[in-house]
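Undergrad: Numbers 143 to 316, taken from the numbering used here, label the letters of the sequence shown in order.
Treat the hints with care, as some may be off.
[Claimed, not checked] Quick list of simulated restraints, FRET-style, between CB atoms:
(1) 217 / 265: 39 to 49 Å
(2) 270 / 202: 31 to 41 Å
(3) 246 / 269: 14 to 24 Å
(4) 174 / 198: 14 to 24 Å
(5) 176 / 207: 15 to 25 Å
(6) 227 / 287: 22 to 32 Å
(7) 206 / 280: 42 to 52 Å
(8) 269 / 202: 11 to 21 Å
(9) 165 / 206: 33 to 43 Å
(10) 257 / 151: 29 to 39 Å
(11) 226 / 257: 21 to 31 Å
(12) 193 / 147: 22 to 32 Å
By construction, these hints were calculated from the structure, which means they are not laboratory data. Using N, Cα and C, we set each Cβ at its ideal position, and we do this for glycine too.
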Amino acid sequence: MSTADTVVNRVRALAAPIVADLGLEIYDLEMVSGVLRLSIDTPTGGPAGVTLDNIALVSRLVSRELDHNDPMPGRYTLEVTSPGLERPLRVADHFRREINKVVSVRLREAIDGRRRLQGTLLRADDRGCVVCLEDTGTEVAVTYDRIERAKTVFVWGSEGKPTSSSRRTKEVAQ
Numbered sequence: 143m144s145t146a147d148t149v150v151n152r153v154r155a156l157a158a159p160i161v162a163d164l165g166l167e168i169y170d171l172e173m174v175s176g177v178l179r180l181s182i183d184t185p186t187g188g189p190a191g192v193t194l195d196n197i198a199l200v201s202r203l204v205s206r207e208l209d210h211n212d213p214m215p216g217r218y219t220l221e222v223t224s225p226g227l228e229r230p231l232r233v234a235d236h237f238r239r240e241i242n243k244v245v246s247v248r249l250r251e252a253i254d255g256r257r258r259l260q261g262t263l264l265r266a267d268d269r270g271c272v273v274c275l276e277d278t279g280t281e282v283a284v285t286y287d288r289i290e291r292a293k294t295v296f297v298w299g300s301e302g303k304p305t306s307s308s309r310r311t312k313e314v315a316q
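Using the sequences plus the hints, can you model the full thing?
TA: If you want it as structure tokens, here you go:
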């Protein structure tokens, strides 16, 4: 286990109860180049999204706990964020949360000549996931160890934003 993994595990143990007490959960936690990134979210099935007040409160409380317990050597910067609209998918639980949503997956090596898959996430378990490709409708099963990077893809609602031509059409029709 690397030093970064050890730090992440210590920080997770300190931060998880704080985040849970606020009705939230840790979505992701990583240590990269002296930056400790803590991504928080609402539990699956809960109200959508975290607020800026949630982020500020978690930042303050976790920072205080880290200062008190000093789980890592040297200097670091704590960043508390939400996962965002196009959220990274790094572990099996992330994939399970996003079933029936559009995802983009970049593979380490091509499958049937493709290194990038985009489509609806149909299934996910502890070993891998199945994506229905949006361009062909083909279902592709992928184990997590073959995935280089994956994220959700934000899709505007079916009506989308009104365009200037659609506004003109409505005005003429009135």
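Undergrad: Check each numbered hint against the structure and report the violated ones by number, ascending.
TA: Hints 8, 9 are the ones this structure does not satisfy, whereas the remaining hints hold.
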